[in-house]
Amino acid sequence: MSTVTETHDRTGEKHTVAPGPGNTARLLRRWWPAAALLILAVAPYSALPLPGLLDGPLGSPGSLQLLATCLLFGALATGYDLLLGRTGLLSFGHALYFAAGSYATNMFLLEAGLPFAVSALLGLCFGTALALVLGSVSLRVTGIGFSMVTLAFAQAGSILVSRNPGGLTGGEEGRAAPADLLPSGLVGIEHTANLYWVALAYLVLTLAVVHWAVRSPTGRVWEGIKENERRVEVLGLKPYGFKLTAFVLAGALAALGGLVHLLLTGGSTPQTTTSDFTLSLLVMVVLGGSGTRWGPMVGGILYTWADHRLGDLAGSGAVADLPAVLRVPLSQPLFLLGVLFVAVVHLLPGGLARLPSRLAAVRRRPATTETLPARKARKENGRP
Amino acid sequence: MSTVVLLTMTGLGLGALYFLIASGLSLIFGLMDVLNFAHGALLSIGAYGTWWAASGNLPGAGPGGAGFLLAVLFGTAVGTAAAVLLELTVVRPLYTRPREQVLATVGVGLAVPALLSGIWGSDARTFPGPKALSGTFGLLGAQVPVNRLVLVAAAVVVLVALRLFLGRTRHGLVVRAGVEDRAMVTALGIDVRKAFTLVFAIGGCAAALGGALGGLYFGSVDPRQGTSLLIFAFVVVVTGGMGSVTGAAVASAVIGLVQQFANYYTAAGLGDLAVVVLLAALLLLRPRGLTGRLA
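Residue numbers (the working numbering), protein chains in the order written: chain A, 721 to 1104; chain B, 531 to 825.
Just chain B, with the same shape it has in the complex (with noise of 0.2 Å):
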């Protein structure tokens, strides 16, 4: 029982930390048809700028408490601000050419971690946290490490807040709408290109979150984990259908419990191995999968 309730427990936060990647990656296929490489770039920037501020470089900001919390902060924010750089000075030039684009952020997702690996090398780091979330608690006789509870708690946050915009702001009305038909909405004089930068800075806020929390669930960061992810990431998104917060939320809490517990029962690999597959399946199943719909 304790075996199943740690598994479940750990699975819910890795599927966290894949919907903190997807949801963002799926808005931004949803609305403008990029499938954006370059997001695994932005949670590792995330993860960096946190793993920076927390080791005491960032004036206020530590390992600890409050410290911790605006390294964190600071992290999203540096991940947040790579997102709308990227989104202007190397997705929008090529505005016209939808291939291209996907290339760009392939080009992106190649040279980032090269430079972060170029400035604190290519080596895992550890990722200081705070006491309080490095430990573990009782729960139906299963000692699970609180920062499972961490992930889930901000995915879920992430979650409502995501549903709170698209349904309730203006903003939000013209993403999802953006995500419907880009084309009318252009049509109907509205800018679309704005809620481009925007699709963009939110999925990198997310995406930088992820990272910043992700040091916490694997207690180290190195160059090539927002990578790493970025393909269970693509899964999630297929699974959820394109564009779809909801979809991407449901999708990930699947795909990392599928994952855990086919690693665990079965052979080691096999379920990221499960995984893939599943990916491959569902597209040749549901091709119409892809389509966008937000819910």
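One chain only, chain A, in its complex shape (with noise of 0.2 Å):
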């Protein structure tokens, strides 16, 4: 996809000069994140209804929290892709990196009562360094035995929080952020908005970050790595160093989105230590794309809507008036994405993000006009 907008890009750059009817075609093209941006960013100024969509009013705080949730599910997602689309790890241990971020953070708030910014910063510190040093480890050992050296240090740590020792986790419940420490802007219903703009500002950081790292020259030795390991190896690069990078990098993108998710729901839960939630990641990043720029954000923003919103869609008549047969699939939100999920795997090979460029060869086949037996003369031939 980088690829295709690339050659967007150009041609946009090239007929700018020249006046034509396409033109408004070509800007759009160039400026539709710039413009999305902008409406993304006044939206909690409206109120626009969207029915179907969202619950209320766009600008309601019930509205701008399922946004927030979906922008910071797509802003993991796109860091997620780091590691899976763009270099080619498939780790199952994100999830513990995300949570490190939320629970160091609200123990450095709970325990040692320090203020809000420092304990950001060193529940940051923590998620990174934790990146760093089963990193280093898990980076020992390629192939499915990384995906299942993370996926065991992911579950050792969910076995852990889920433990409660000392009462430091809260156990199964979880445990709630001391609202007086918190900034006062950034807790409470009437205040959602900000919240909101804060999971917008993460989205951002994390597609600028991951935009800038994959240009950067360690970003193309990650394609290389991806592509063909041994012959990055050959050219006498160390691939692991520049794995760590990607990993360690990952790694503290997803501690800061612990750190917008702990501000967002005011605690940190066991759900997200779970290796269903790694899972959900990856179901994300591979929906909507993997190795694109878009594509890993868009299946993370549809994933996180769609949880939300089918489980609500199934408790409306709609669905509930339905038979049996009809109404038990549908009224299973993770029924309907592992479906949709297989689906994509096996149809759309390269995610949603390939949808366009895939309609528009369907489009253009038609437009060829060829006779049947033209093509059947031309099968025969062996001709392509």
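Since the hints were derived computationally from the structure, they do not count as laboratory data.
Don't be surprised by glycine CBs; every beta carbon is placed ideally from N, CA and C.
Treat the hints loosely; a few may be bogus.
According to the in silico footprint, chain B covers these stretches of chain A (three or more CB under 8 Å from chain B) [to be verified]:
1. 872-880
2. 1001-1013
3. 1058-1069
No farther apart than 25 Å at their CA atoms in a straight line, the calculated lysine to any residue pairs in the SDA-like style are these [claimed, not checked]:
4. B:K724 / A:L1067
5. B:K724 / B:V614
6. A:K946 / B:A713
Join the two chains, each given in its own frame, into one complex according to the hints.
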């Protein structure tokens, strides 16, 4: 996708000089991220109702909370794709660093009573250090072994959190963050808009960091490692250090995400430590399109939205009146998402990000006026 | 002493359950390089199939005696059918894309528990079992629940059957050869894909049997049971060596015992933690242990 966007960008630049009817479309193609960001930034001021998509009007706290969660997971999936889609590392333990950011910050607030800024910084450092230590160990093995070592570490973290050592983690209940230590502008339902902007800023930051990192010389090596690690070694580069860089960067972004999640939900929950959490990130990335610029974000937003909204829709009259054969599957968002995921893996390699180019290819095909006998003759001649 | 006996028997029972999942998982990975994340879902299907039949929904099946045997057979058959269906519809079309195969099984592993909790609710359901299997028996001064013995017996039967199948039949030979070198077997003109379906059927059968008997062990069924057991099955597979059935048998007994004893004699939960850390340590110390060797 990145290459596709690049060519779009280039053609856009080339043609902006020449006036023509296609100019607006090209401008739109070039500037749509900025336009989308502007729309997202002013969304809290709008009272636009989006029936079906959102429960209340756009600017209502409930809608903003859902949107902020969507943006947060869009950003998380983008960070996770740094491993999966950019470096080719299948990690099953990404949830650990997310949870570490959330829990560590919460611990510093609750147990040490440190001010929020200090706690946040320490929590972020803790998550990053954890990624550095565990990443340097996990990356000693490759392939499916790496996946399972990361899974083992994440599972160990999950068990540790749910066992509640010394009453620190709150076990299955999780722990609420102390409201008096958080910045007053980020607490309470009347400040949901601020939290929404925090989530949006996190998304923009993640997109920018990933975009910058992938284009850096290190990013080129990541691409090489993804394609063929042996060849990178032959070129005289040590893949280990590059992979560790990707792992730590992704871990730091996830820890920052955990911090945003702590603010957004007002606490740390053990659900964020489970392997299911990492698997849902995996589903988001593949759904949207792994290794593309916008795909993981789209996948994350879509997944989170569907997960929240499909449950609500199932409770509504439209679904409740259906016969059991249809009602039961429709009332389970995870079932629908799982099936959609399998379908995307099968039918749409490259994810939703590839959908536009696929549709364009389909649209172009009937345009070539080729009669059936001609095609048959061509096939028989064995020509492409 | 009685505590040690009880812990040993419980550990072995748990190990037997792990073996029933891990044997199929190990064979599938050894032959196809697919880490089957839907294997826990197959176990859940077997458990729910048995529970459904034993609750009086299947004529002839019931919670006691021959009726329960029929219920277990039914659950195992449903699980086997689900495994074959999984291989034919989800895994096979992605034959040339190994990573996508793993991803597709992840999707199935998410969807099936969700569907089960959609149909029968997300809460645990009481598992009906025969009276004869719910009691205890005396062993060296300890009162050991009978169901531990049932699980161990089932695991031994499966182990012997698998060894005989792999060692004495032509299909078993193809599977063993495929684990060693799949490309070579294909080059010799043997359709390995038939072996893929076969291995999935065997793995699904063992996992579903594990689900049916796991219902006895836990006393209830719930949709997330299979998925939570899956991680320990991974530990067994790695410890025993990918593709090795005997290795999986030894490893599952060791893992089950370590987990039980550590959970009892140290803080609760430390056993689970020890086992998971063992997985990481093993992979790091001998990364070559992943290569398939069929013993």
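Exercise. Which of the listed hints are broken here?
Worked result: none
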